[in-house]
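Single-letter residue listing:
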Amino acid sequence: MKYSLFFSKLLERIYSILQRFLTIATSRRAIQGLMITAAAAWLLLLTVWLGSYRTLEPQDIQEKFFQFPQSVDPDPKTEKKMERKALRVLQNVRPRGTFVVIDRVHNRLWVRKGDHVIMEAEVSAGAGSILDDPSSDRSWVFDTPRGRFSIVNKRQNPLWTAPDWDYIERNEPLPRSHADRIQPGVLGEFALDLNIPNYMIHGTLYSRLLGRNVTHGCIRVGRDDLRVLWQRVPIGSPVFIF
Amino acid sequence: MMRTLALIFFVFFLTPIHADEARAPSPSGIPVSEEAEMAASGDFYYTLHLNESYLALCHSGVELTRYSIDSLTLREPRFFRTVGNAGMSYPNLWTDSSLYPEWTLRRVTIVPGDESTRPSPDVAGIIPPTMEELIPVPDRFEIRYREDHWIRFSLQGEIPGSKKPFESLSNRLLRWIRNLNPSPPHKGMRIDIVLSGTEGARLYRSYVDHSSLLILP
Chain V
1 MKYSLFFSKL LERIYSILQR FLTIATSRRA IQGLMITAAA AWLLLLTVWL
51 GSYRTLEPQD IQEKFFQFPQ SVDPDPKTEK KMERKALRVL QNVRPRGTFV
101 VIDRVHNRLW VRKGDHVIME AEVSAGAGSI LDDPSSDRSW VFDTPRGRFS
151 IVNKRQNPLW TAPDWDYIER NEPLPRSHAD RIQPGVLGEF ALDLNIPNYM
201 IHGTLYSRLL GRNVTHGCIR VGRDDLRVLW QRVPIGSPVF IF
Chain S
1 MMRTLALIFF VFFLTPIHAD EARAPSPSGI PVSEEAEMAA SGDFYYTLHL
51 NESYLALCHS GVELTRYSID SLTLREPRFF RTVGNAGMSY PNLWTDSSLY
101 PEWTLRRVTI VPGDESTRPS PDVAGIIPPT MEELIPVPDR FEIRYREDHW
151 IRFSLQGEIP GSKKPFESLS NRLLRWIRNL NPSPPHKGMR IDIVLSGTEG
201 ARLYRSYVDH SSLLILP
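So the protein lines, in turn, are chains V and S. In terms of my numbering, the first sequence opens at residue 1 and continues consecutively. In terms of my numbering, the second sequence opens at residue 1 and continues consecutively.
Same shape as in the complex, but just chain V (with noise of 0.2 Å):
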């Protein structure tokens, strides 16, 4: 008896629930409402789409990229005399001789005539390290410089001049005289200076550590390359270093 009471007022609830849903659900608000979130979602999807990118077919590449726009007309003449006139200064920027190639990142020296590769060459190139003086205001960064430079100065048994940093870096106080900062043999048997003071290309005492960024900005070549280096390239050769 209880239980069939129980029952009975449950079935009550649940039928008041419904009809009062359904009420809710078929009212004028109700449906403008539902409206309203269709159209914000469809407006969100529409942004999205037209916010994305659509892929090139191969055949529209050259219509976009290589094509005449139409507002400009293009007269053969002009555009033959441009053309010549652009090749002309296309020659006279390219290097005409031998000229190198150094990729600092990966330590890679190429000599190289036009597209023709003479040399390939392991090096070692600017460590990129910070060296502050504890005794004064001074600090070095040791980078190799990038950009297009070329060789100025070509020396046989060169002799270096060991700069501050050297004895900073050692630890070591600065000698009294010039003289005694003059160190044979450090540089290998050659150095081609560049055309930015201090930065050369030159030998190594450090042949184990060709490979590796470990200068203090110029560059280190192991003895046989720099061999070919010397006899191939002369002053005034263009030096790429990217």
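Just so you know, these hints were derived from the structure itself, not from any lab. We treat Cβ as the ideally placed atom computed from N, Cα and C, and that holds for glycine. Wrong hints could be hidden among the right ones.
[What the hints assert, rightly or not] FRET-style restraints, in silico, Cβ to Cβ:
#1 S:Glu52 to V:Ala162: 45 to 51 Å
#2 S:Leu174 to V:Lys80: 55 to 61 Å
#3 S:Lys187 to V:Arg84: 31 to 37 Å
#4 S:Leu174 to V:Ser177: 54 to 60 Å
#5 S:Asp122 to V:Gln62: 56 to 62 Å
Keeping the supplied structure of chain V fixed, place chain S upon it in accordance with the hints.
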């Protein structure tokens, strides 16, 4: 409601389209004048060869190094296509690039008298680090240009020199959020390039910021 829809329609469909029509290639289809302009600038620049699928670092008209591309896809914003300007052309010279995430070098500070921090230690057992170890390379990076065009690089395979350190879950989540890279929609086009880990790392570690890109057929 109607007013809002009208405004959206107006903003979407009546915005002026930016098309760079100032630069015209030569009749042969190869933009020689732009290449000459780049070569004479005295700066590094990149060339993207679409047919041969490689990117090159150049200076003074000399190709210094090449980066082979595994796959290349050009994409344009759907919005500009949808509004009916299918004939719109893009400039093939993109300028003033910036790398994202930025290239960072973990510089070693030399401690005077400490052989282990010297660039060329006299002690044989000490092996100084290389740039490959000092410049971490992400497996995805972007180059963005002033004209709002951008290139998205994805590296596949092993990245030389990159050691993935242990990363906590919270850091990984933060990195993932950063990688989502929320930015305003680009008007320009996007090039998706897939490189091998070796080539991608080479490009990333030697990348020249503020350089230009010349797109060649």
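Exercise for the section: Starting from the hint list further up, note which numbers the structure goes against and sort them upward. Expected result: The structure conflicts with no hint, since it agrees with every one listed earlier.
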